[in-house]
Amino acid sequence: MVQLDDDRLIWIYTQMLRIREFEERVKRTFEEHPGVIRGHTHLADGAEASIVGSLATLQSEDQLLTTYRCHGYPIVLGTDTKAMMAEIYGRKDGLCGGYGGSMHLADPGRGFLGTSGIVGQGIPQATGAALAAQIRKQGQIVLCFFGDGASKQGAFHESLNLASLWKLPVVYVMENNNYNVATRSEQEDANAANGEPLSVKAKAYSMPGFTVDGGDPLAVYEIVSTAADRARAGDGPTLIESKVYRLSAHGNLIAPPGVPLHYPEHEAITVFGNREEYEAALRGDPVPRFRARLVEQGTLDPGRADEIAERVREEMDAAVQFALDSPYPEPEAALDHVYA
Amino acid sequence: MCRIRCFEERVAQLKRSLQVHGLIHLSIGGEGVAAGVCSQLRDDDAVYSGHRAHGHAIAKGAPLGPLMAELMGRADGLCRGLGGSMHIVDAAHGFLGATGVVGGNIPLALGNAVAARLRGTDQITVVFFGDGAVQAGHFHESVNLAALWELPVILVCENNGFAEFTPRSAHTPIERVSDAVAPYGFERATVDGGDAAAVWAAFGEFLAIAREGRGPMLLECLTHRRRGHYEGDAEQYRDPLADEEWTRSDPVARLRERMLAEGWIEAAGIAAVQAAASADVDESVEFARASPFPEPELTAELVYAG
Amino acid sequence: MAREIPYIAAVQEALQLEMERDETVLFYGQDVAPSDEDPLVKAFGRDRVRVSPISETAEIGIAIGAALAGYRPVVELLMAEFMLVAMNQVVNEAPRLRYMSGGQVKVPVVFKAGYGFTAGWAGQHTGSIYNMFCGIPGLKVALPSTPADAKGLFATAIRDDNPVCYFIHYLMVLEHGDVPEGEYLVPFGEAAVRRTGGDVTIVATGWTVGRALEAAETLAAEGIEAEVIDPRTIQPLDAETILSSVEKTGHLVLADQATRHASAASFIAAEVAEHGFSSLKAPIKLVTALDATIPYSQPMEAYVLPDEVKIASAVRQVLGTAAVTV
Chain A
2 MVQLDDDRLI WIYTQMLRIR EFEERVKRTF EEHPGVIRGH THLADGAEAS
52 IVGSLATLQS EDQLLTTYRC HGYPIVLGTD TKAMMAEIYG RKDGLCGGYG
102 GSMHLADPGR GFLGTSGIVG QGIPQATGAA LAAQIRKQGQ IVLCFFGDGA
152 SKQGAFHESL NLASLWKLPV VYVMENNNYN VATRSEQEDA NAANGEPLSV
202 KAKAYSMPGF TVDGGDPLAV YEIVSTAADR ARAGDGPTLI ESKVYRLSAH
252 GNLIAPPGVP LHYPEHEAIT VFGNREEYEA ALRGDPVPRF RARLVEQGTL
302 DPGRADEIAE RVREEMDAAV QFALDSPYPE PEAALDHVYA
Chain B
-18 MCRIRCFEER VAQLKRSLQV HGLIHLSIGG EGVAAGVCSQ LRDDDAVYSG
32 HRAHGHAIAK GAPLGPLMAE LMGRADGLCR GLGGSMHIVD AAHGFLGATG
82 VVGGNIPLAL GNAVAARLRG TDQITVVFFG DGAVQAGHFH ESVNLAALWE
132 LPVILVCENN GFAEFTPRSA HTPIERVSDA VAPYGFERAT VDGGDAAAVW
182 AAFGEFLAIA REGRGPMLLE CLTHRRRGHY EGDAEQYRDP LADEEWTRSD
232 PVARLRERML AEGWIEAAGI AAVQAAASAD VDESVEFARA SPFPEPELTA
282 ELVYAG
Chain C
84 MAREIPYIAA VQEALQLEME RDETVLFYGQ DVAPSDEDPL VKAFGRDRVR
134 VSPISETAEI GIAIGAALAG YRPVVELLMA EFMLVAMNQV VNEAPRLRYM
184 SGGQVKVPVV FKAGYGFTAG WAGQHTGSIY NMFCGIPGLK VALPSTPADA
234 KGLFATAIRD DNPVCYFIHY LMVLEHGDVP EGEYLVPFGE AAVRRTGGDV
284 TIVATGWTVG RALEAAETLA AEGIEAEVID PRTIQPLDAE TILSSVEKTG
334 HLVLADQATR HASAASFIAA EVAEHGFSSL KAPIKLVTAL DATIPYSQPM
384 EAYVLPDEVK IASAVRQVLG TAAVTV
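Protein chains in written order, with our numbering: chain A, 2 to 341; chain B, -18 to 287; chain C, 84 to 409.
So that you can see chain A by itself, here it is in the shape it has in the complex (with noise of 0.2 Å):
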């Protein structure tokens, strides 16, 4: 079992609850200050610890490449929140000048290389990330971040296959929340519908395939971690089965422009009836989940914890308000960066 020291565990609650925290503004936002947010967002509330248990593991020069729901990541990586708000805001200040939006974050500085908005597209792409990693021969890896919907995809046959072929430094990370936007897994995947986990794929490419418990950040960490090295010593790709449970809706409310855009309930209410099981998981919600446990371990003391919410807190009401004092940029820029 994995030993992280004192800080380390505090340093990795304090992730978790700096991506929810985050998260809740951006889905305040909507109600707070209508308008503002355009478009499609998609959150990681519920995903933290397995979000912040994979990047725990990267050395500095590693890179990593996710979906959409992007948001998690450069928290972790120390990108600047405030300029990750102006960029979901739409501002000139935003990460990516605000090209991009919610769904296309990049901090290529701190190793995040950047997103498809394509369901599984990001896949091949930190794929060849991998094969630049392996050919520039510095230990470094990529870690490519997906949902379960995306292993359906032809871009993630092709590219575990490939990875495994040339043995690329790759750790492949699924996060399977059980949906892809309104559909069960199990009805459209034969794993899921024979009651297996999705990681039993990782056979057909002669891979390692792992499932873990995504809403516990050190299990999560262990595997990765184990992932990480296989790839570092040369051995090749890993594909990993992290099982969380997403508490928001997958994204916001799709509409034409002037209807008010909202994040409305979870697809298993929604659309199944389900809420007890959208009930449960909230029981089981990760981040409190985390603060309990190292409290009663004696790691972090609740005083200490509450002070850190407060910073957090404190830390995102800046990142808004920054954001909403951001100015939009000029029309013109529009014609910029087409072309390097």
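Hint data in this document are derived by calculation from the structure and do not stem from the laboratory. Quick caveat: nothing in here was measured; it's all calculated off a predicted structure. Please note: incorrect hints may appear among the correct ones.
[Unchecked claim] So the derived label-pair ranges between C-beta atoms look like this: (1) B:Pro88 <-> C:Glu330: 48 to 58 Å; (2) C:Thr404 <-> A:Arg39: 54 to 64 Å; (3) C:His358 <-> A:Gly36: 33 to 43 Å; (4) C:Gly265 <-> B:Glu156: 41 to 51 Å; (5) A:Gly274 <-> B:Glu156: 40 to 50 Å.
Note that beta-carbon positions come from the ideal geometry of N, C-alpha and C, so glycine has one too.
Following the hints, complete the assembly by docking chains B and C onto the known chain A.
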């Protein structure tokens, strides 16, 4: 099998003398699979195939004359000269099509199986593809769905160890195609594709399951591609099989030897079969040569239906 | 110092030189150098030269990812139509990532493929689909029609920091032409005037450049001097050279192996109609493939394609020296 062998050898000659043109992929070495599978199917069962489709089409019942005419681009060709070798269709016998896109019609085969189920019939669908197709994304997408929906479709993979000009080991760490579907609960088997009787037996078992509306299944047939990837391929990338070795793996020769040994047929019977095949092929060439080239205006007629 | 070599050798030469010059250039694709004895492998090693399976989405996506991570991959896609399997990566990812990141990242990849192989390869292998990649901001498209341009445009494509579709013409691979030795670059966005003339401007791409030149010879015997312009890259397009020519000649015919509404000819014609209207003394005429999937049978295949006869006929029509046909 004799008909396929004879036809393909003649096509090779005709290609060299430029009477057949374009991109041609021959089924020499694949006769055991084509015959072992297709001869057990009905006209209303559907077969899809890849770019190496002549053998499958013939075994499914495609008439040799119109097939040869298609390869010569004539108006009486199966596709009126529009498709050519890689796009053979013989709908009357359920050969719904060859494709030039590797694995490209595996999803189409699934669709056919869905339709059969909706109609409530016991028609089954077979799709042939090579080992190269297994690494393509659409293969994966099809495998998941076929398994999820338990479709009565039989995937037949002719694993000849090469995808175009590179060996399988350059494409994937998974040696056996049947292992590629291991996570998905397929009924699967690997047989020696050069042993027509073994192919017949293995496919027959899967056929029985599919007739009950159940599936999916994958039959991997290990074969040897006697000639290059396409006619004109200099094949510098592999060692040619020595002649005696080829005789040992040649499905036509093997079945012939076995039939003689088991007393299922006499030498005279063999000769008769071969003579008939040769005559049929000769006739097909005459038919094709006698067929005119299509009127160019045909190109405008068939772009849209209706 | 130039010497005569075939088109396909010029392509190889560019790749070799660029891989020597810049160790971040990678080359992989289906059937690329499967043997360790291949000269490219011996020169540059298996890290940089690899064979990949039939997995276009992964091959192209991997190129994008490696580019994001600082390399310059060249992906051998063999035929432009195989890119269709992975259109998302080509159109929706590679050219858009830089922009969406606000300029933080760049994607210096080259998608190398052949096209137009109307030699009996039938409906799925013979298209000229380059127009599908035009009008996608962030993407560039090069169509070399000579060995020298095959070399020069490939080198420029590799050095370009943007995703480039570098499409060679399969009917031309054995055509010989003068190719400079050593480093040789042809800039994007600069058309080449292949033949000067004062009576009519013919704009042609790829294999149709040769057809236009043949038509020009026929027409010269009739006293008509055609100016033949080869854009060389259709994105970016050198409209200026074309407009200057039309200003001189007053007449425009465009030849393109693609079908009408999928042709480069169609959008080039629109540029001239809008910006060169006052120069035109007659309507513009397009000579493109007819609207059908390329048929297999040779007489039908020839029928649907543009050729020197059809080009010459179109010229006579715009010059008013022939009856207009429908």
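Verification of the supplied hints:
| no. | hint | verdict |
| --- | --- | --- |
| 1 | B:Pro88 <-> C:Glu330: 48 to 58 Å | holds (52 Å) |
| 2 | C:Thr404 <-> A:Arg39: 54 to 64 Å | holds (58 Å) |
| 3 | C:His358 <-> A:Gly36: 33 to 43 Å | holds (40 Å) |
| 4 | C:Gly265 <-> B:Glu156: 41 to 51 Å | holds (45 Å) |
| 5 | A:Gly274 <-> B:Glu156: 40 to 50 Å | holds (48 Å) |
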